[in-house]
Structures are given as C-alpha cells and as structure tokens.
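Each chain, letter by letter, is given below.
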Amino acid sequence: MTDYERLLEEDYLEIAGRRFRSRLIIGSGKFKSFQENKEVLEASGAEIITVAVRRVNITDRSKENLLDYIDPNKYQILPNTAGCYTAEEAIKTAMLAREATGINWIKLEVIGDQKTLLPDMEETLKAAKFLVKEGFVVLPYIFDDPIYAKKFEDVGCAAVMPLAAPIGSGLGMQNPYNLIFIKEAVSVPVIVDAGIGSAADIPPVMELGIDAILTNTALAEAKDPIRMAVAMKYAVIAGRLSYLAGRMPKRTYAVPSSPLKGVPFKT
Amino acid sequence: MRLMVNGKDTHMPEGINIFELLERLEIKVREVGLAVAVNGEIVPKSRYKEYILKDGDSVEIVNIVGGG
Numbered sequence: 001m002t003d004y005e006r007l008l009e010e011d012y013l014e015i016a017g018r019r020f021r022s023r024l025i026i027g028s029g030k031f032k033s034f035q036e037n038k039e040v041l042e043a044s045g046a047e048i049i050t051v052a053v054r055r056v057n058i059t060d061r062s063k064e065n066l067l068d069y070i071d072p073n074k075y076q077i078l079p080n081t082a083g084c085y086t087a088e089e090a091i092k093t094a095m096l097a098r099e100a101t102g103i104n105w106i107k108l109e110v111i112g113d114q115k116t117l118l119p120d121m122e123e124t125l126k127a128a129k130f131l132v133k134e135g136f137v138v139l140p141y142i143f144d145d146p147i148y149a150k151k152f153e154d155v156g157c158a159a160v161m162p163l164a165a166p167i168g169s170g171l172g173m174q175n176p177y178n179l180i181f182i183k184e185a186v187s188v189p190v191i192v193d194a195g196i197g198s199a200a201d202i203p204p205v206m207e208l209g210i211d212a213i214l215t216n217t218a219l220a221e222a223k224d225p226i227r228m229a230v231a232m233k234y235a236v237i238a239g240r241l242s243y244l245a246g247r248m249p250k251r252t253y254a255v256p257s258s259p260l261k262g263v264p265f266k267t
Numbered sequence: 001m002r003l004m005v006n007g008k009d010t011h012m013p014e015g016i017n018i019f020e021l022l023e024r025l026e027i028k029v030r031e032v033g034l035a036v037a038v039n040g041e042i043v044p045k046s047r048y049k050e051y052i053l054k055d056g057d058s059v060e061i062v063n064i065v066g067g068g
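Here the protein sequences come in this chain order: A and V. According to UniProt numbering, the stretch in the first sequence is residues 1 to 267, in order. According to UniProt numbering, the stretch in the second sequence is residues 1 to 68, in order.
In short, the hints are calculated from the structure, not lab data. Check before you lean on any hint, since a few could be wrong.
What the hints assert, rightly or not - As a list, the in silico EDC-like pairs of lysine to aspartate or glutamate whose alpha-carbon atoms are at most 20 Å apart:
| id | chain 1 | residue 1 | chain 2 | residue 2 |
| --- | --- | --- | --- | --- |
| 1 | A | Lys133 | V | Glu31 |
| 2 | V | Lys28 | A | Asp71 |
| 3 | A | Lys74 | V | Glu31 |
| 4 | V | Lys28 | A | Asp68 |
| 5 | V | Lys49 | A | Glu122 |
| 6 | A | Lys233 | A | Asp211 |
| 7 | A | Lys233 | A | Asp113 |
| 8 | A | Lys38 | A | Asp68 |
| 9 | V | Lys28 | A | Asp60 |
| 10 | V | Lys45 | A | Glu99 |
| 11 | A | Lys74 | A | Glu47 |
| 12 | A | Lys92 | V | Glu41 |
| 13 | A | Lys126 | A | Asp113 |
| 14 | V | Lys8 | A | Asp60 |
| 15 | V | Lys28 | A | Glu64 |
| 16 | A | Lys38 | A | Asp71 |
| 17 | A | Lys92 | V | Asp57 |
| 18 | V | Lys28 | A | Glu99 |
| 19 | A | Lys92 | A | Glu122 |
To be verified - Residues from chain A shown here face chain V by an in silico Cβ test under 8 Å; the list is partial:
| id | residue |
| --- | --- |
| 20 | Phe31 |
| 21 | Lys32 |
| 22 | Val53 |
| 23 | Leu67 |
| 24 | Met95 |
| 25 | Leu96 |
| 26 | Ala100 |
| 27 | Thr101 |
| 28 | Thr217 |
For clarity, every value in this text was computed on a predicted model and none was experimentally measured. Using N, Cα and C, we set each Cβ at its ideal position, and we do this for glycine too.
Chain V on its own, in the form it takes in the complex:
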C-alpha cells in the first residue's frame, strides 16, 4: 500500500501498524522526543501497535530539534 510519510510517497506492506512502520523506517520509539500523527490526528504511543494503517494514509513522524 502507499503511505505519505512526512510528505514522501512510501510503499509499505498491507495492514502494518504504526509500530511496524517505525521499525521499518529504523526510527526508535522514544517515550520522550517522538510523536506521530495520522491524517492530522495525534496517535498516543500506547496505541502504536494496535493502530493499523490504511492505503493512502498520511503519516507525520516528528522529533524534537534545536530551535529558538
């Protein structure tokens, strides 16, 4: 299926959850410093394993960086 991940068109296996997506992208799930939103809605970390992504979903994965 196709997902928009941080604005990039990405191919991923059908039916994966957020936790699996992060694993495939080699992004460490950190309790502090990471957040995920699907189609504009924030998904709490406790739901990463149960949240199944659908074809066409838009996923934002953010972290904390330096800023003023």
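Just chain A, with the same shape it has in the complex:
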C-alpha cells in the first residue's frame, strides 16, 4: 500500500450505496479506438465510465462493441442521455439505456442549446423526477446553480453534476463560488462534470471539497491520452488530499518562514 492509499483508506466516494476508491470518472467519447479507451481507463484508475446510446447503423455495422472492451462487472457503466433536448427524449433514452445495459444508473443530460450545450434545467428536473420514480439512480448534469442543485437532491437524485465550464470547452473552473455554494446546499455527492481542460484544472476544484471529477474531452483530445489519464489520476488525489489537509489562510503581505531572532551579523 502506498502512502496516499493509506491516507485515503477510509475516504471513499459513495454514490447510491456503492463505494468507489477513485474520485475520477471518465467518458468514452472521441477516443481513437476502443483499445485506446480501455488503456486510458486502466491508466486513470477510474471505476466509473460513461457511455452513450445510439442507433445501430444498419448499413454499416461494426462488429466491435465498446462493451467487449470494458467489462461491466469490473467497472460501473454510466449510460448518458447526451443529445436529448426534452425531458421526454431523455426519459425514452434512459429506458433504452437500461434495457441495453441492464444498468439502472443514468447520467441525465437535457441540453437547452446547441451552441453552448448548457443544460435545460427545467426539463432536466422534470426527467429526473420521473426517472427516480422509475427506479433509476439519477446523476444529472446541471448548471452551477445551488438553488436548482438542492431541487435535484430533493427529488431523489443520487448526486448532482454541475459544470465547471461548457462541455468540451476545456476552460477549467469558471466560478468556484457557485461550486462552494452547491457543496454547502446538498448532502449528495457533487461531481464536477464538463469544462476540465487538463490535469492542472483538477486540484483547484477538488480543493473546494468537490467529491469527484468527470472528464472526457480533456483525455480524448490530449496529445497523449494515456499520460493525461495518469496525470489526472494523481491530480484528483492531490486535490483531495489537499482539501482534507486544509489550506493555510491567504494573506496580502509576506510572513517570514525562518525565525526572526538570531539572524547572524545583526547588530
């Protein structure tokens, strides 16, 4: 057991009664191949991976399937409703995802606008309510709005997943204050989903006490996705340990680190 494993031994992420050691969740979109995706998953240490549901191409059927590469018994598969613009579409997609995977977890995503891919919170909440009643473990992708975050918790969502910046933008965290407010407003895990650009963007988010990070594009579009996966694995651990350790206060002026007394040659 390594030093950090010992420090984090009792510090697990718990979602809907399932415990995870890793606080990094990765996507499976835009990788060069299923093989690369698999290697990234292993390198990242992530235990949860998102997937999407799409029509089978009936004129050009690839014989390979993502689930031939990622073992659902080893990893928690988290199907999404990406591409849905209404609660109704998202509900139907979630139902298809459950039938296709046998998994009742859903990353609920109801997009409001093609250009920004920001969530339509009203439709997302409507779909969340319905899917919770249908027995789904619902993890909604939401705007960084603490008032809405509480509403999602109240309707029974297993976690809330506010953005750090728009999907695929790689801008990094834009509003730490809203994320702090969300963390204070809800008791379910807060997972920052979307906006991470590189491993360096992760520790500042984790230092706020955010429970986990979900990222896809920053891995898939890295020059070397496997190296980035390793960097992110440690970035999440660094941020988490730093949060648990508690940072020093910020000060305007300098404070010496060495004793003021006994400086040689002083008269």
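Guided by the hints, dock chain V onto chain A, whose structure is given.
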C-alpha cells in the same frame, strides 16, 4: 410491409418478428449492449421471437457507443 427502422423506410416480409428483423439486418442479439423499441415502447429481449411486427411500425434499434 414497410417499417421505419432507425428512421429509414425499410421493406420487410409480412409478419416477421423482431428476432427475424435483426437477423435480416445482420444485427447480433447481444444480452448486453442492444435494445429495441417499437413505436416508442421498449421490447425486452425475451420477447423478440414472439413480437410480430406490423406494417407501418417504427422500430428503433440501439447499441452502446462511446460518449461523455
């Protein structure tokens, strides 16, 4: 008969079931990774052989792909 399969107008023999449709489309029935809905309603895999399709039915056949 005519079926809408994944949004495409498709001709199929009268009275075929879902299992036969998938066979004709050369789609492997996988326990994990495949789902079918007819006219918006999900059909469980256990019912593919007994579910007879009708003219004008809209069939969605989906699988799991990479996504964020």
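Structure-based check of all given hints:
no.: 1; hint: A/Lys133 / V/Glu31; result: violated, 25 Å
no.: 2; hint: V/Lys28 / A/Asp71; result: holds, 19 Å
no.: 3; hint: A/Lys74 / V/Glu31; result: holds, 17 Å
no.: 4; hint: V/Lys28 / A/Asp68; result: holds, 13 Å
no.: 5; hint: V/Lys49 / A/Glu122; result: violated, 40 Å
no.: 6; hint: A/Lys233 / A/Asp211; result: holds, 14 Å
no.: 7; hint: A/Lys233 / A/Asp113; result: violated, 32 Å
no.: 8; hint: A/Lys38 / A/Asp68; result: holds, 10 Å
no.: 9; hint: V/Lys28 / A/Asp60; result: holds, 13 Å
no.: 10; hint: V/Lys45 / A/Glu99; result: holds, 9 Å
no.: 11; hint: A/Lys74 / A/Glu47; result: holds, 8 Å
no.: 12; hint: A/Lys92 / V/Glu41; result: holds, 9 Å
no.: 13; hint: A/Lys126 / A/Asp113; result: holds, 17 Å
no.: 14; hint: V/Lys8 / A/Asp60; result: holds, 14 Å
no.: 15; hint: V/Lys28 / A/Glu64; result: holds, 11 Å
no.: 16; hint: A/Lys38 / A/Asp71; result: holds, 10 Å
no.: 17; hint: A/Lys92 / V/Asp57; result: holds, 17 Å
no.: 18; hint: V/Lys28 / A/Glu99; result: holds, 16 Å
no.: 19; hint: A/Lys92 / A/Glu122; result: holds, 17 Å
no.: 20; hint: Phe31; result: holds, 6 Å
no.: 21; hint: Lys32; result: violated, 11 Å
no.: 22; hint: Val53; result: holds, 5 Å
no.: 23; hint: Leu67; result: holds, 5 Å
no.: 24; hint: Met95; result: holds, 5 Å
no.: 25; hint: Leu96; result: holds, 5 Å
no.: 26; hint: Ala100; result: holds, 4 Å
no.: 27; hint: Thr101; result: holds, 6 Å
no.: 28; hint: Thr217; result: holds, 7 Å
In terms of the numbered hints stated before, the structure departs from hints 1, 5, 7, 21, listed from lowest to highest.
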